[in-house]
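I would like the entire structure built from these sequences, with the hints used as guidance.
Chain residues, written in single-letter form:
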Amino acid sequence: MQQQKQWICLPPLSVNYYPWLVAFDHTNGDQIFYNIHDPLSCYRCRIPELVGKHIQACFHGWVVLSDPQQTHWFLWNPTAPPPRLICLPRLLLKQDPRNIPYAFPIKECYLSSPPDVPGSILLLIRCDKPNFVLCRLDSSKKRKTLRWIEMSYAEQLSSITGYGMEMADTLACLTCYNGEVYATVSTCVVKIHIVVKEKSVMISLVPFVNLPKPPNPSGVHPSSQKFLIGSSLELLVIFVGVVLLDGLKLKPVNVCLYKLDLTSMVWVEKEDLKDTVLYVDMVGGYRSSACAVVSEFGGYVHILHKIDKVVYSYNVKDKTISKSFMRCLDWIPSHVAVWQMPGPGPEFRLQSDGKCKAKKDGMVVRSTNVAAKEVVQEEIVSNLLNLPFHALEMILEFCVGVEYLNFRATCKLCHLAAPLINRKVPQRRLKTYSLVSSPWLMVFDKRGGIITFTDPMFGDNYFIRAKIVSDSRIACSRYGWLLLLIGDYRLVFFNPFTSEIRELPARDTCSESFCFSAPPTSPDCIVVGFSGSHVFFHFVVGEPIWYELVLDISFYLKFPTFCGRDVYGFCNGGRVGVFREFGQCYVWEIVADRLPTSSRYAAVAYFLTTCNQHLLLLMVEDFGEAVEVFKLTKELEWEKVDGLGRLAIYVCDALSTCLCMAAKTPEMENKIFFSRLHSKTERLCFTLWKHACFTRLMAGILSMKLGWRIPINIPTIMRGLNQLGASF
Amino acid sequence: MSKKTLTLMSKDKQLFNIEEHLAVQSVTIRNMVKEDGASSVIPLPRVDSETLALVIEYLNRQQAPEEDEDYVKKFVDERGEIPTLLELAQAALDLDIKKLMDAACMKVADLIKDFTLEEVREALRIENDRTPEEEKAIRDEFQWAF
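Chains as they are written, first to last, in our numbering: chain A, 1 to 728; chain B, 1 to 146.
No lab work stands behind these hints: they were computed from the structure.
Note that beta-carbon positions come from the ideal geometry of N, C-alpha and C, so glycine has one too.
Please note that the accuracy of each hint is not assured.
Stated by the list, open to error - Covered by chain A, according to a simulated footprint, are these stretches of chain B (three or more residues, beta-carbon under 8 Å):
| id | stretch |
| --- | --- |
| 1 | 14-27 |
| 2 | 83-93 |
| 3 | 125-132 |
To be verified - Derived lysine-lysine pairs resembling BS3-like cross-links, with alpha carbons at most 27 Å apart:
| id | chain 1 | residue 1 | chain 2 | residue 2 |
| --- | --- | --- | --- | --- |
| 4 | A | Lys317 | A | Lys94 |
| 5 | A | Lys270 | A | Lys213 |
| 6 | A | Lys199 | A | Lys226 |
| 7 | A | Lys197 | A | Lys226 |
| 8 | B | Lys113 | A | Lys664 |
| 9 | A | Lys226 | A | Lys191 |
| 10 | B | Lys136 | A | Lys251 |
| 11 | B | Lys136 | A | Lys412 |
| 12 | A | Lys259 | A | Lys191 |
| 13 | A | Lys467 | B | Lys136 |
| 14 | A | Lys412 | A | Lys467 |
| 15 | A | Lys631 | A | Lys671 |
| 16 | A | Lys197 | A | Lys274 |
| 17 | A | Lys412 | B | Lys4 |
| 18 | A | Lys197 | A | Lys213 |
So, in structure tokens, the structure goes:
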């Protein structure tokens with residue numbers, strides 16, 4: 001089984017699907033290869049040529065290396081048979097003693113061609129002064145040894161920017177496009193024209209084109225980082241708008257891509273990268289690279305943030321930014337570079353056979369006891385994290401409610417695998433889970449746009465994110481549909497499980513209370529709203545208009561309640577009236593002149609509901625104290641009901657919602673459920689009425705795991721799900 | 001006429017034989033068979049022998065379609081330990097056996113149901129890589145859920 005614990009394996013670098021990132025662990029000389037498409041797989045190996053070095057860039061199949069202090073530079077070709085490593089002379093740069101010395105004096109490099117090609121040079125750009133540093137790589141009779149040459153471009157730059165030489169900036173964003181070298185300075189792009197002669201090298205800067213203006217969308221910090229990226233096909237400019245968090249951390253919030261149209265020399269916004277991915281380094285001296293990859297990974301700008309150990313991935317087409325955590329960066333304070341090599345990588349010469357093995361070419365794959373211990377520990381500590389990301393997502397798909405949030409909160413990787421629920425289809429578990437316990441309690445969290453469903457049977461919470469809830473309130477809820485009032489005048493039907501939205505015609509007056517007769521998918525659906533003595537109604541399959549009835553001003557209607565096609569409602573003076581056969585006849589008929597009274601009650605709330613074509617009236621005294629139920633008889637008298645039998649009634653006071661339906665389990669029979677905020681704990685709980693008295697449930701089948709604090713919520717009761725609601 | 005047999009190799013180099021008509025329940029294997037006939041050994045570099053044996057057992061005991069759902073549920077129920085299920089989920093993912101993958105993942109989700117945050121970490125052996133500040137931020141964001 002020791003072999004199973006083998007941690008050291010080699011990256012399939014030759015599979016050129018995507019570029020690899022290489023982190024350098026200088027504590028032991030290892031390199032860690034990883035890519036953001038499979039963040040759970042990383043490959044630790046030790047390649048002697050890379051030990052103690054940083055990868056600066058890759059050109060023409062050659063890797064430009066330096067030591068961390070940038071005094072020793074190397075060119076390494078891992079793919080050539082035999083592999084070659086060229087050691088360049090020591091680079092000793094004089095830094096201005098008046099300035100703070102740079103830890104990394106070189107910020108850019110460029111290899112003009114493979115070292116064997118005549119005229120090949122390695123060009124470096126200094127951070128601290130406008131100087132090129134270059135090394136001619138081709139040998140000649142007169143120039144048998146390699147040496148560094150330094151030359152200033154301050155004067156040329158001054159003539160381009162118009163600033164004095166003292167103010168001369170340094171070139172940045174060195175890149176190669178269509179065989180030419182370009183860089184940025186101030187607000188323009190310059191072409192670096194290199195002419196290599198037998199005895200000399202001439203480098204001239206030619207203004208090429210002005211940079212596009214960085215976007216500054218409202219609300220975004222105006223600071224932005226720019227990157228110039230060239231490829232054989234196009235020249236791109238990327239602006240990464242950043243905000244400063246906590247005064248320290250830079251967070252990208254906006255990305256814009258521009259492509260240079262060579263015919264008009266105008267920058268055009270690029271809408272899609274298709275098969276290309278771009279890498280830019282936010283804290284690495286504006287370094288960037290472009291890579292063509294297979295299509296499924298293309299279309300992204302990956303913004304490396306090595307300090308925070310995250311990668312922000314900007315989807316150019318969707319204009320969205322996602323954040324990935326590079327777990328392997330957590331292990332080490334490391335230098336990170338992009339390994340972007342054509343053709344096969346070095347792995348064809350590497351072996352992982354469980355032993356420390358030196359190959360002929362000097363490459364060593366480390367597999368020491370220390371590593372083996374790390375492996376074992378790794379598997380023990382983090383069993384889950386060995387799972388592919390997709391499997392993790394799958395498990396999370398089956399998690400709902402609090403367990404989902406718990407799982408999501410366990411570690412950063414799980415957080416990534418479980419974005420806050422925003423699914424267009426019901427969660428998989430919800431399709432099969434506890435539907436029989438409908439109706440559910442719904443809570444809108446307007447701040448986060450989250451709907452919380454509570455299963456009244458088991459007390460489980462389920463969450464759905466729906467942006468629409470953030471600026472709406474529930475006007476009525478039936479048949480698995482919500483009638484939402486957005487602002488004062490816009491009404492929509494919303495199905496929270498499918499996210500389907502059905503707009504109703506705009507209204508020019510607001511109503512106080514609403515009801516609807518059938519699901520909006522039904523041709524029988526009528527929406528009715530009461531507003532004082534005015535009645536508004538709309539036929540969902542009819543003309544897109546609202547009809548209005550104006551009753552005598554002495555009537556003040558509220559609480560519309562459908563019973564078949566009849567619409568009941570309260571009327572001022574303690575009366576209850578009805579529109580019989582609404583839609584065919586519009587006569588308001590008083591059916592009860594007065595509400596039943598009880599000497600027991602002081603402050604009473606009334607609710608109407610229907611059951612089996614009977615109209616029921618609930619009298620509730622100051623929630624939590626007492627309740628009575630009455631039935632309207634054929635003689636139009638209120639008859640007190642002593643028991644509900646197999647029925648259960650659900651009441652939500654916030655929106656005067658009251659439902660009566662067959663209990664789903666024997667335990668729920670003959671009970672009345674109230675949703676309410678517990679005044680002391682600020683937690684939502686159900687109270688239960690049974691046999692003419694209230695019992696607040698603290699335990700047992702209806703005790704909720706309702707650890708909710710509800711800052712801006714509107715609780716309501718959801719009447720049935722789509723699958724079940726038709727019978728009510 | 002004997003049925004054609006395929007050989008699968010686990011990451012610890014153990015070989016398993018399985019009849020082709022059963023093995024092709026795995027979409028991965030089916031595609032390999034389609035492409036090159038899969039005449040040689042099919043390597044499964046991320047599946048260890050213990051897990052591969054389970055997968056083979058699942059594939060060999062394949063039931064009629066109408067009984068399939070109950071069977072796969074029972075199959076994962078019998079292997080109710082989280083580490084085994086995680087391995088099984090990974091193998092099912094690699095081999096693209098959707099029902100087994102779904103069932104294994106669902107079982108894991110079932111097992112961690114009602115767990116607290118700390119219990120989930122312990123059960124799944126997840127190392128908490130959040131700083132106290134990050135942890136607090138998460139808890140603040142969803143304080144009504146914890």
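Outcome of the hint check:
Requiring three or more residues with a Cβ within less than 8 Å of a Cβ of chain A, the coverage given for the stretch 14-27 of chain B is violated, as only 0 such residues are present. Look at the stretch 83-93 of chain B against chain A: 5 of its residues bring a Cβ nearer than 8 Å to a Cβ of that chain, three or more, so the hint holds. Closer than 8 Å: that is the beta-carbon criterion, and the stretch 125-132 of chain B has 6 residues meeting it against chain A, so the requirement of 3 holds. For a cut-off of 27 Å, the pair hint linking A/Lys317 to A/Lys94 is broken: about 46 Å separates their Cα positions.
Of the pairs offered as hints, the one joining A/Lys270 and A/Lys213 holds, with about 14 Å between alpha carbons and a cut-off of 27 Å not exceeded. Taken as a hint, the A/Lys199 and A/Lys226 pair is broken in the structure, with Cα atoms around 37 Å apart against an allowance of 27 Å. Under the criterion of a C-alpha separation no larger than 27 Å, the hint pairing A/Lys197 with A/Lys226 is inconsistent with the structure, at around 34 Å. Restraint check: the Cα-Cα separation between B/Lys113 and A/Lys664 comes to about 23 Å, which is no more than 27 Å; the hinted pair holds.
At most 27 Å may separate the alpha-carbon atoms for a hinted pair to count; A/Lys226 and A/Lys191 meet this at roughly 17 Å. The straight-line distance between the Cα atoms of B/Lys136 and A/Lys251 is roughly 20 Å, inside the 27 Å bound, and the hint therefore holds. As the CA atoms of B/Lys136 and A/Lys412 are separated by approximately 14 Å, the hinted pair is consistent with the 27 Å bound. For the hint pairing A/Lys259 with A/Lys191, the CA-to-CA distance comes to about 16 Å; that is within 27 Å, so the pair holds.
With a C-alpha separation of about 25 Å, the suggested pairing of A/Lys467 with B/Lys136 holds against the 27 Å cut-off. With a C-alpha separation of about 25 Å, the suggested pairing of A/Lys412 with A/Lys467 holds against the 27 Å cut-off. At most 27 Å may separate the alpha-carbon atoms for a hinted pair to count; A/Lys631 and A/Lys671 meet this at roughly 16 Å. Restraint check for A/Lys197 and A/Lys274: not satisfied, since their Cα atoms lie roughly 41 Å apart, outside the 27 Å limit.
At most 27 Å may separate the alpha-carbon atoms for a hinted pair to count; A/Lys412 and B/Lys4 exceed this at roughly 46 Å. With a CA separation close to 38 Å, the supplied pair A/Lys197 and A/Lys213 exceeds the 27 Å bound.
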